[in-house]
Every structure is written in C-alpha cells, then in structure tokens.
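Following the hints, put chain B in place on chain A, whose structure we already have.
So the chains spell out like this:
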Amino acid sequence: MRLRRLKALALKEVLQIWRDPRSLVIALLLPFTQMFLFGYGINLDLKHIPICTFDREGSQQSQDLFKHFQASLYFAIVENVKTYQEMVTALDRGACSAGVVVQPDFSQRLNDTGTASVQAILDGTDDNTANIAWGYAAAVVSSYSNDVQVAALDRQGRTLQQIQPLSVQSRVWFNEDLVSRNFIVPGLVAVILALVGAQLTSLTIAREWERGTMELLVSTPVTSTEVMFGKLLPYLALGWLDAAFCLVMAALWFEVPFRGTLFALFLTTTLFLALVLSIGYLISVLIHSQVGASQIALVVTLLPAMLLSGYVFPIDQMPPVVQDLTYLMYARYYVTIVKALFLKGSGIPELLTPILFLVVYAIAVVALAARAFRKRLT
Amino acid sequence: MNGSEISDPQIAAEDLVKRFGDFVAVDHVSFRVARGEIMGFLGPNGAGKSTIIRILCGLLRPSSGRARVAGIDVARDPEGVREHIGYMSQKFSLYRDLTVEENLRFFGGIYRVPHALLQKRIQFAIDMAGLADRANALVSTLAGGWQQRLALGCAILHQPPILFLDEPTSGVEPTSRRRFWDLIHTLAAEGVTVLVSTHYMDEAEYCDRAALINQGRIIAIDSPGALKNTPLGGEFLLLECEALGPTLAALQKGPGVIDASVFGNSIHVLVRNAEQSLTRLPPYLSEKGLPPRRLERIHPSLEDVFVHLVAADLAKRREAA
Chain A
35 MRLRRLKALA LKEVLQIWRD PRSLVIALLL PFTQMFLFGY GINLDLKHIP
85 ICTFDREGSQ QSQDLFKHFQ ASLYFAIVEN VKTYQEMVTA LDRGACSAGV
135 VVQPDFSQRL NDTGTASVQA ILDGTDDNTA NIAWGYAAAV VSSYSNDVQV
185 AALDRQGRTL QQIQPLSVQS RVWFNEDLVS RNFIVPGLVA VILALVGAQL
235 TSLTIAREWE RGTMELLVST PVTSTEVMFG KLLPYLALGW LDAAFCLVMA
285 ALWFEVPFRG TLFALFLTTT LFLALVLSIG YLISVLIHSQ VGASQIALVV
335 TLLPAMLLSG YVFPIDQMPP VVQDLTYLMY ARYYVTIVKA LFLKGSGIPE
385 LLTPILFLVV YAIAVVALAA RAFRKRLT
Chain B
35 MNGSEISDPQ IAAEDLVKRF GDFVAVDHVS FRVARGEIMG FLGPNGAGKS
85 TIIRILCGLL RPSSGRARVA GIDVARDPEG VREHIGYMSQ KFSLYRDLTV
135 EENLRFFGGI YRVPHALLQK RIQFAIDMAG LADRANALVS TLAGGWQQRL
185 ALGCAILHQP PILFLDEPTS GVEPTSRRRF WDLIHTLAAE GVTVLVSTHY
235 MDEAEYCDRA ALINQGRIIA IDSPGALKNT PLGGEFLLLE CEALGPTLAA
285 LQKGPGVIDA SVFGNSIHVL VRNAEQSLTR LPPYLSEKGL PPRRLERIHP
335 SLEDVFVHLV AADLAKRREA A
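Protein sequence lines, in the order shown, are assigned to chains A and B. If you use this note's numbering, the first sequence corresponds to residues 35 to 412, in order. If you use this note's numbering, the second sequence corresponds to residues 35 to 355, in order.
If you're looking for bench data, these hints aren't it; they were derived computationally from the structure. Beta carbons: idealized from backbone N, C-alpha and C, even for Gly.
Pairs of lysine-lysine residues, derived as PhoX-like cross-links and limited to a Cα-Cα distance of at most 25 Å, are as follows: (1) A/Lys41 / A/Lys409; (2) A/Lys101 / A/Lys116; (3) B/Lys287 / B/Lys322; (4) B/Lys287 / B/Lys350; (5) A/Lys409 / B/Lys125; (6) A/Lys41 / B/Lys154.
Take a look, some chain B residues computed to stay more than 12 Å from chain A by CB distance: (7) Gly99; (8) Asp107; (9) Lys287; (10) Val291; (11) Leu312; (12) Arg331.
Looking at chain A on its own, in the form it has when it is part of the complex (with noise of 0.2 Å):
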C-alpha cells in the first residue's frame, strides 16, 4: 500500500463528498431525524392509562379505591359508567383501555370477611399494554389493601410487621428509575450508525461504476486495498462526527447517564463504525449500481439492526433459532457495548467478548472486500 496514492485517493473522495449534497444530507440529516423520531417515538413507559371506572355500590371505600387509582401515575380515570353496556361502548371505541369494576356488596364483603374482589376488564387487542396495566392495576389494588390492613390492625393496637415477618426490598440497578429512554437511546445510536455508515460507503464503488470513472481508474497501477482504505477513511471521519453528534445527543438532549470513560466509548465505536462502512463497502464493490447498492445497505442493515440487536427486543426472550441468528447482527455487539458504558459504566475488560467479535468481524468483512474487488470490466 502506497502512502500517495492513499491520499490521492482519500482527497479525492473528500471534494466528491463535499460537492455531493447527498451523500452530505445522508451524513448529518439522517442521524438527527433518527435520533428525533425514535427516541420520542418509541417510548415503552405507559403512563396514565385511560381507564373507565363502574362503582356499583358507591360507598366511601369504594371510592377510596377509585382515589388510589386517580392518585397513580400510570391511570388517568377518563369515565365514570353506569352500565356494564357503557363499559363495553367505552373499550369498544378505544376511549379507555381497562375497566375497573367495584361490585355492590364490596364495603359489606370487605367488612365482614375482610376479603373482597376488584374486577378489572382489559382491551386485549393490545396484549403488552393490557398485561402491563393488569399488572399496575393489581399494585394499586395491594397498595389499597394494605391501607385497608393497616388500619385494621391499628384499631387492633397491632402493626403490619406482626403478621407479615418477610417482605420485598427491591431495588433496581444501572436504570434506577426504569426509563425506557435510558436502554432505548444508546442502543438507538448503534441501530442508527449501523444505517447510515452502510449508506454512506454503500455509493462510492457503485458510483464510480455507474459514472465510468471506474475504467481509468483500474487501468493505473492503484492496488484495491489502496482504493478500499482511501475510500474508507473519509468515511471514517464523517461517521465519528455522526457517531459523536448521537452520542452527546444521547446524554445532554435524552439525558441518559454516561458512567464510562471516554477512551472506551472512541474506542469501541471507531471498532464499530470501521465494521458497518466496510459492509457498505462491501455491498457497493458486489453491486454496480448506486439505487442497487443504497437499496441493499438499506435492507441489509435497518430491519436486522431493528428486529435482532437487542436495542428495544430482548434478544433472551427470542426462539432459539433467532437467538443464534443474532449473533450475526453485528449491531448486536454495539448495543451491548453503547448500554453498557452509559449505564454500567463498564470498563473495556468486561466488555472484551463484544468488542472481540467485533475485531473478528471488521477484519473478515475488510478481507472479503479486499478480495471481492476486482480491477477489471466485465
């Protein structure tokens, strides 16, 4: 490899991206809109559920628990029904999505047993939305049932810790306060580097092709690894721009906590972004044209990247079979790592498996593009 060809090359694609508004809007708009769209978009927090309220008994304690709703975050009561009929109407038009039913003997139940039943009814055409408010909906429920204890027991001169020895501390780690945003968005950044680097190199091969400047140029004495490393390395330093402008978009603008070092986050991202502009290499040195090849960085890189690197699906709760497919979604590395910085704060040592597959990956794609580049017309 020659150092001047190297810079012919690489200056050469340097004015062509700067005279090229395409390959610029792709660059710098592309990772903004992305950033903007699905991180606000994508939001699996559910807050103030709507939800319908039927209080068939109407008594102090029957609205007592109608408070405890009204009181949480995750309800919001938008109607209060006379009829099951009502109820019915109100899920049917999506109005609400649960139906909290207090039956007419539940103060006299609760009183003289000191047990009575809530009937909840859930618009299961949504099941994830249904099963995560059964679940809220069952807490407020045990929130308003150990009030109901309590003060019970109190007459009785008695506390709760009395009867119940053992109870649940939680405490959750790393995302103390369960934000979506905070495992959604660094895993976006990878989705998104994933995207855009394939795009951004996935043109130039087929746009030598496809504007002929191909023929003189395999006609001198330039060797294809010079070509794929003067191309590569523009590329490279307009995808640490992408890759910097997401990451300080990720923890100022979505304020998601970075707790790991610098040096690792440049390290593993240069790593990372090295992998998806040779993909995109690749697939532009394999495909002629620049629709084509832009089509196929497309295909190959958003939907995989979606779907199988574990940046929203959990890639544990996937069959098997998907599960090993996984491992050939190189984003799947990335999200591990992007996650693991920000809200771990883990060093390169933990994260030394990732980053290996992802060494192994750059090279056997760098080494295939070498390979599949070919100094001559067909």
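Chain B in isolation, oriented as in the chain A frame:
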C-alpha cells in the same frame, strides 16, 4: 503488414480471442506495434476495437491467445503493464465533480509522479489542453473537445511510453480533432507508442499504420497509402442521381459494373474499366428512365476500400463455411 517483422514490439498481440458467451468480440487478432509508432484502429462501432484495447490494458482477460505490452504478458501480469501505459477510455472517465487541476493532481498522486516534477507536468498538461484559464473550473462545465484533451493530459501526466486512446476524437468538432492529432504526433515524435481507435475513416491519414477492423477481425492492416491502393479488381466512379434506390438496383446489372454502394447522397460504383463505363453507363441508365446527374472517375477513399474489403472478407468466410 501486421508488423510481424518488428523485432522489438511495444505492443504485440498473437491470436487474441475474446468471447462474451456465444458472441465473439475479438476473433483471432494478431499484430505488432513498434516503438514511437502510431497505430490506428479503424472500424464501425461494435467492431471490437475497444475490446482489443481493453485486453491490452489488462482490463479484460482474453479467452485465448497472448498479448504483450512493453514486453509484459497482460493476462499474467496486468499490474506490471499498468505502470507503463496511459489509457483514455471511450466513455469520458475523469471526475466531473472535480476541477481540471484536481483531476490532474489526483492522477499525479495515483501514478506517484515525483512531487518535484508534478507541478511542471500539471502545467504542461493544462497548457497542452489549452485550459490555462479554466484550471479551476469543474470538469463538468467544459465542452467536449476540452474534456477530451484534458483526458489525454491525465493519460500522459506520468509520461507513459505506451498510450492507448479509445476513440479520443469521438463527438469532437473537426478543428478540435485536428488539434488532437497534432498532440498525438508530438508525443509519437518523442518516442511514445500510440494505439488509437476511431470510427472516422479520414483519421487513418494521421496514423503510421492502420488496421481495418470488422466483426472482431482485422481485415487489413497497412500504411494508409498502401491501404488506399489495395487492388480491388477495378476502378471507381462517383454517380449522382435523382432516385438512389432504383439506380442502385439498376447498376448491379449494369455493363462492366462489379459492385455499387451508397455513400451519403451519391453512389460509388466499382467498374472493371473506368473509361468504358463512363461512356456506356449514362445511356444504359437513361434507357431505364434514371439519367445520372453527374458521373466521374474518383480515387477510392479508405471507406471504399473498407466497404469492399468487408464484402470480400464476408464472401471468403461464407465460402470457407
């Protein structure tokens, strides 16, 4: 005269064949080019001129046969060949989104022209192309003739001993073409070996030798003068008339006519004896209601030679098959 007597050829093709599937693009082509010689490739589009040049540049692998450029086998060591050649492809292949000087600087870097020399070479190329006041203009804004001269400038920036120019004057206006050939002659005078293709027959005059190429075969190769004097078994007449089609048909059976073909608005007639036909043809045609407007003897142009050699070649091959 395929150059087999040249002992130290800069370019040598031996029995080159290139097939694309069933299509034979290059059909057993052999020739040699000496140092400092200008070899022209003449023939219609699709004759296989570009394919031969691409093989010689190491861009296509020949299906069979051998080619050596600067003494190096192009199939075995294409990279070795590339150090010695300059190439101008048929399709314009400089970077249109770069300026004149940026293109030259790029190819200077790719060929590793020594820094001390580069500025001088770039200046030379810019002056040669007549682009002194457009050095900072984007290539896309240049007219065709200038683009072609710049492409030549990029091809010779590293002073290669061998130049391959594929249709360098295609689509360029006549004055620019003339100037282009002057440049080629200057280079050849300095010892550069030039292989240049064209579909303008008149440009054969500028070559030391020319090869007539049709359907992937070299059907004649010689100096332009010798080519024009190729014995065609007769003499040529030029005929102008009202109705080209009927006249052409009538001529095929005319007295002393060997062959006739349309050239633009007139007909070129190959006859056994010009003197006799000049007196016998007008009455023959007038009798058929097709009196000629003009009939005179002409020297066959290279195009006449080409047309008749192609026809003869076809007949020979049909006989062989």
